[in-house]
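Trainee: Those protein sequences? They're chains A and B, same order as listed. To convert, take the position in the first sequence, counting from 1, and add 281; that gives the numbering used here. At position 206 of the second sequence the residue is numbered 199 (the numbering used here), and the sequence of numbers has no breaks.
These are calculated hints, taken from the structure and not from any lab test. Built from N, CA and C at the ideal position, the CB exists for glycine as well. There's no promise every hint is true.
With a cut-off of at most 25 Å between alpha-carbon atoms, the simulated SDA-like pairs for lysine to any residue come out as follows [what the hints assert, rightly or not]: (1) B:K70 x A:Q330; (2) A:K514 x B:P319; (3) A:K514 x B:G104.
Derived list of chain B stretches under chain A, where covered just means 3 residues or more per stretch with a C-beta under 8 Å from a C-beta of chain A [to be verified]: (4) 133 to 146; (5) 185 to 193.
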Amino acid sequence: MTAVDSTKAEMTAPVPQMRRPWGTWALGALILFLAVTPFILVIVISFGQKIEGAGWEWDFTLANYQRFFVGALWPDEVTFLHLQRLYYALYYAVIASVLAVATAFPFTYLLTRQSRRAQSCWLVFILASLSLSEVFIVMGWDVLLSNRSGLPMLFEVSGATDWLKRTGWFDVLREWGLANPRNVKFKTSEFATILTMSYLVWPYAVILLYPALSRLDPSLTEAARTMGASPTKVMTSVILPTVKLPLIGSTLLLFVFLLGSYVTVVVFAEPAKQTTAVAVYESVRGATLDAPFGAAQAVVLLVTAALFLVLAQYLTKRSEAR
Amino acid sequence: MTKVAGLSLKYIRKAYGDVRAVDNVSLDFADGALTALLGPSGCGKTTLLRMIAGLEDPSAGSISLGGQDITRLPAHKRKFGMVFQSFALFPHLNVSDNVSYALTIAGTPRGQAAARARELLDLVQLSAFADRRIGELSGGQRQRVAIARALAQEPDVFLLDEPMSALDAKLREDMQVELRQLQQRLGITTIVVTHDQHEAMTMADQIVVMSEGRIEQVGTPQAIYHQPENAFVADFIGKANFFDGVTEGGNVRLGAHLLQITPRANFIDGSPVRIAIRPEKAGLVGEANRLPAKVTFVRDVGPVRDIYLDTPIGPMIVTDSDSGQPLRIGDAVAVALPAEAIHVFPRVADQVAA
Chain A
282 MTAVDSTKAE MTAPVPQMRR PWGTWALGAL ILFLAVTPFI LVIVISFGQK
332 IEGAGWEWDF TLANYQRFFV GALWPDEVTF LHLQRLYYAL YYAVIASVLA
382 VATAFPFTYL LTRQSRRAQS CWLVFILASL SLSEVFIVMG WDVLLSNRSG
432 LPMLFEVSGA TDWLKRTGWF DVLREWGLAN PRNVKFKTSE FATILTMSYL
482 VWPYAVILLY PALSRLDPSL TEAARTMGAS PTKVMTSVIL PTVKLPLIGS
532 TLLLFVFLLG SYVTVVVFAE PAKQTTAVAV YESVRGATLD APFGAAQAVV
582 LLVTAALFLV LAQYLTKRSE AR
Chain B
-6 MTKVAGLSLK YIRKAYGDVR AVDNVSLDFA DGALTALLGP SGCGKTTLLR
44 MIAGLEDPSA GSISLGGQDI TRLPAHKRKF GMVFQSFALF PHLNVSDNVS
94 YALTIAGTPR GQAAARAREL LDLVQLSAFA DRRIGELSGG QRQRVAIARA
144 LAQEPDVFLL DEPMSALDAK LREDMQVELR QLQQRLGITT IVVTHDQHEA
194 MTMADQIVVM SEGRIEQVGT PQAIYHQPEN AFVADFIGKA NFFDGVTEGG
244 NVRLGAHLLQ ITPRANFIDG SPVRIAIRPE KAGLVGEANR LPAKVTFVRD
294 VGPVRDIYLD TPIGPMIVTD SDSGQPLRIG DAVAVALPAE AIHVFPRVAD
344 QVAA
């Protein structure tokens, strides 16, 4: 109690007249400036106007948002090109984050059941893998999935391609866009994009799930076992419900992180299935040099992420209340 | 409750690398009786209980229930209810759902499971708490929920691992009596792991004293207390004064003093032995084995007095309840050691009197 009492006393005691050094104020202002200004600038610029053949100027127009949602030629013509890009951004991010958490969960669960030493070794290895840049990882997967030197080559040489053709699975793969007439083809596909994205965030998934799973009391699962629960039943009726919130939380965090993936999408996604993040970059720095429209797209992406977080918060609260 | 004849352990061993947590334990558990596995921490009692529950595999030996070998039967097929030290209640379920868990996962219709949960919560006097969350319960209430939950599947054997260790002293004593009454009412074969001798003495029909993975003595609480089979049991259960000596014609010589022993100790003359006498058996009045003594300290706790004495054979504590003799430090008195109250144990060479 003494600690609590002393804090209370400190809080209620009159604050001594102390001159705060100017340095502290300046540093605070600088941090605030650096953190908030770019953010506000993007929002403000999103209402600006592009000058053809030149830069852009301050304005207050909703044209950029209109262009995003219904196309530049509205009301004469409606196009959903930009909404479609947002859809692909969501689509890749949802599947990749769910895939990453779904595969990281059993791994992390088993990891927490290992000896302390084994756990530290794995965690160090996983933390180290976080230092790899996105570019490096994408390059690795690019080689692995490329038609001439990667897995497709291995399929062909090992006879797996022929086997797929004989058994009829090849046609199924073609339907899924994972084969060309001659051989399997992994690159430039949703498959490659999602796979690389989940690979990218997989270590994060392990590190996000680790605290919750390592805190899980082993006697909970043992109690369930003594009450007749099979290992599968223990998983579905005790472990998953107990760590439901960390699971949802990790998935959301990774989802928001993946909404902004750039390199992976540029390298692996088909041109027709690019995402908003790529479009933002193209608008701002690419051929069109349309900063206001780029900013508008960035704001939409940001608001979308925020909406998902709010929705998740609401769902969690509701399930808690029940 | 259905009764299934006899839980029986044969030559159970559990080794972790070079460490033998449980060594060659054979035990029979009487139907409907409460057995306490008692011993200091690290003596292997919890490991033994976990092997009975099916949560650990024995390295050797067999476990059988009603004549059927269940050594390799997984925990979820054993139908043994267990209460854990931490209670292990499911935080995502309310009290009623915790209690009916075993029934729900076995596919019992919801209404029926809920009715059974109500019945069990009634049994542990928690009917009013059915809809509470686990976080809203006190320690004692959690323990009752854990007991009710373990009983829901009508287990053949009821296992409790240090069930009182998370409770405060007052509640612990109440719960010991309550649990014992519940067990007697249900007539269910029960095994309780504890390091608390009072708990074991209060609740058990049979006490198994363990140390370093081995069984030291099996018996009723009275037998364990009054006829300890070795120095460990005499020391661990209750208090005892220990002295080292050698046998001489069935009696024991401690320096210049020859203590009479009844019945005579069955040792070859000159065998090193250790003797034990309970503080309440020794007295300031009485004729047998009288030794001069000097009072060094008096601890008066109300109903009885612990008198610390210095005697020619060594320091000794005597619990005095009826002499009424006023005593002061430094007083010269005489202490009597009744011949039939002296326990004689063989002494290994490296043992030194405590």
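Trainee: Next step is simple, just say for each hint if it's right about the structure.
Mentor: Now for the hints, and whether the structure bears them out:
1. B:K70 x A:Q330: violated (72 Å)
2. A:K514 x B:P319: violated (69 Å)
3. A:K514 x B:G104: holds (21 Å)
4. 133 to 146: That given contact holds, which follows from 4 residues of the segment 133 to 146 of chain B lying within Cβ reach (below 8 Å) of chain A.
5. 185 to 193: The restraint on the segment 185 to 193 of chain B is violated, since only 0 of its residues have a Cβ under 8 Å from chain A and three are required.
Hints 1, 2 and 5 from the list above are not met by this structure, while the remaining hints are.
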